[in-house]
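S.K.: Below, each chain spelled out in residue letters.
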Amino acid sequence: MRALDEEAVIPSEVEGSALTTVKRYADPYLTGVALGLVLLASFVIAGRGLGASGAFATAAATMVRGVAPEVASRNGFLAVHLDAGGLFRDWLVVEIIGVVIGGWCSAALAGRLAVRVERGPHAAVPPRLWAAGAGGAIMGAGAVLARGCTSGQALTGGALLSVGAWLFIGAAFGAAYVVAYLTRGSWT
Amino acid sequence: MTETRALVRALGAMAAVLGALAFGVGAPARSQGAVRDTVVSAATRDALDDCDRGGCSSGAQSISAVQLAEWIRDGRPGLRVLDIRDSSAFATRHIPSAESVELTALPSVAPKPGETLVLYSDDDLLDLQGAAWLTRVGHARVHLVRGGMSAWMTEVIDPVVQGDSATAIAALSRYFGGVPRAPSPSDTVSGPRTKARVRGDFGFVTRRGC
Amino acid sequence: MIAPLPLAVADGSSLSLAGALGIGIAFGWCLERAGLGSAPKLMGQFTLRDMTVLKVMFSAIVTAMLGLFWLSWLGVVDLARVAVPPTFIGPQLVGGAVFGAGMALAGLCPGTSCVAAATGRLDGLIVVVCFFAGVLGTGLAIPLMAGFYESGSRGAVALPAALGVAQGTVTFVVVAGALAAFAVAGRIERAMAARVGRVRP
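Protein chains in written order, with numbering that gives the first Met the number 0: chain A, 0 to 187; chain B, 0 to 209; chain C, 0 to 200.
One chain only, chain A, in its complex shape (with noise of 0.2 Å):
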């Protein structure tokens, strides 16, 4: 049986359209694996997972709060985001502070910084940040609905089992595919 990624015919593997070489992107299920490793050392020294969209929503209530601080307290969704001891005191803030930091590190060390926009192999740069820009509003719409990303409910939630987060995964899934299947141009 031949191993997968020795030969591997997979597209993007192949760094987008980079002509430069870098560095292989790491085994995914050693890297998942490693990335289960830091989830469950999150639940054992901190006692909750991983997140992302929380950081964006303390943000945003600290906005609110400074400028109409009624407005925010008033609010179901601000209120519960709102910390009394400041932004940068907050896990999640903190937290993702540290995935840009983790992130560049390792782009750094692998050869992958380049300030350049990513797309499909077709796809022009105009549609691309567009589509990037609406993409983005609208996840901010369904993180705020559904309490959570990818990381806070998905990988996080899954792996504590919540119903919600399961359910979370599957809507998001099954969306996603939906939306890529029509705008398969941009990506293939």
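The hints are simulated quantities; they were obtained by calculation from the structure and are not laboratory data.
One or more hints might be untrue.
To be verified - Chain C regions said to be covered by chain B (calculated; three or more residues, Cβ under 8 Å):
(1) 59-73
(2) 82-95
(3) 142-155
(4) 168-178
To be verified - Chain B residues, not near chain C, derived (Cβ > 10 Å throughout):
(5) D85
(6) P95
(7) E101
(8) L102
(9) D121
(10) D157
What the hints assert, rightly or not - Facing chain B, from chain C, some residues (calculated, C-beta under 10 Å):
(11) A160
(12) F181
(13) V183
This one's a predicted model, so the numbers in the text were calculated from it and none came from an experiment.
We put the beta carbon where it would ideally sit given N, CA and C, even for glycine.
Once you've looked at the hints, dock chains B and C against the given chain A.
M.R.: Using the frame of chain A, we list chains B and C on its own:
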């Protein structure tokens, strides 16, 4: 590359074994039974106290917010939680799994065998009135939450935990997204431990994020 | 039970924030190592050409899930003190679908967009900024849909309790499902690669 492959296969095999063993073991905590017993006897003690105070004779026993929390978490069969406050209060915040029923609509709630109804609101008199109506319409098991919604907030969502039942209450609180805390000598709304609570129009609001 | 650290190590203390930073760095590192900071690679999952997202995600879920189960069984971790996100059935189904649609448009999720932005990808930066705008806008609008937003709340219910089975049973099913999914994923990748061939950079 083949070492990677071998390592991946080994990890996969390990996962399969650990998963199969988990199936065999069933519960991940050997002491789970003991914790459950402590929680149950505290609840039973609660109910008995109620009877002593004359709660039994009115036909509607009042239960603590903690007792209701346990019933919801444990999936007590036939449990229906009725919120008899107005709909905007319900929309703002309500006890998980509660249904919004206006006080005057209570008599039209049809009794079903095996049901346990639990009423709550912000007003003890309203609770008693509602419970009386339900009992008259034929419901066998009707309870009130002692202290209503504010008791839910202070005893379940935002409890100060100490003593023997601390672990159990803290676990129960977290189940509902609450933030239990240990008692502090100066109970002021400042400092890192109370950062999780913000007093606003929501009363005590819990800090939970993903 | 020695873990998680007791309530006395307060939320917001420097010790807990140091932990957050370290955990975050490791998280970002892993995401970038797997290539998930690259939108075309991530979207390979949803065009069935590159199953990295599935492999990474479910390997992580299985690892953490088994780790929690067995550390709890050993008495090292107190599961009751680990925060489980609460379930809101309607909002999480609808929010999940909306989120997934947005993710497929953007090509990145919030966490990976931070990694992409950190490594210089301008598309990642746009996703980060617009994700914040989406969170802010939707958050401000929540009072208009407070009824739906709070609907279907079940507390922090987990699958074993909801289905009435032992946690070990659900754990086993998830592991078996993941391993089966990995096998299928490998087949799909090979089939698609044979059809599509190698991409020329």
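S.K.: Determine for every hint whether it applies to the structure shown.
M.R.: Evaluated hints:
1. Only when three residues or more bring their CB closer than 8 Å to a CB of chain B does the claim for the segment 59-73 of chain C stand; here the count is 8, and the claim holds.
2. Only residues whose beta carbon comes within less than 8 Å of a beta carbon in chain B count, and the segment 82-95 of chain C has 4; three or more means the coverage holds.
3. Figure legend: the segment 142-155 of chain C, annotated as covered by chain B; annotation consistent (7 residues with Cβ-Cβ distances under 8 Å, at least 3 required).
4. For the segment 168-178 of chain C, the assignment as covered by chain B holds, since 8 residues bring a beta-carbon within under 8 Å of that chain's beta-carbons and 3 suffice.
5. With a minimum CB-CB distance of about 13 Å to chain C, D85(B) clears the 10 Å threshold, and the non-interface call stands.
6. A beta-carbon of chain C comes within 10 Å of the beta-carbon of P95(B); the shortest separation is about 4 Å.
7. No beta-carbon of chain C is positioned within 10 Å of the beta-carbon of E101(B); the least distance is around 15 Å.
8. Interface exclusion of L102(B) from chain C stands, the closest Cβ pair being 19 Å apart, more than 10 Å.
9. Residue placement check: D121(B) keeps its beta carbon more than 10 Å from all beta carbons of chain C (closest about 17 Å).
10. The claim that D157(B) is not at the interface with chain C holds, since no C-beta of that chain comes within 10 Å of its own (minimum 13 Å).
11. For the restraint placing A160(C) at the interface with chain B, the shortest Cβ-Cβ distance is roughly 7 Å, inside the 10 Å limit, so the hint holds.
12. The interface hint given for F181(C) is met, as the beta carbon of that residue sits about 7 Å from the closest beta carbon of chain B, less than 10 Å.
13. For V183(C), the interface hint is violated, the least distance from its beta-carbon to any beta-carbon of chain B being 14 Å, above 10 Å.
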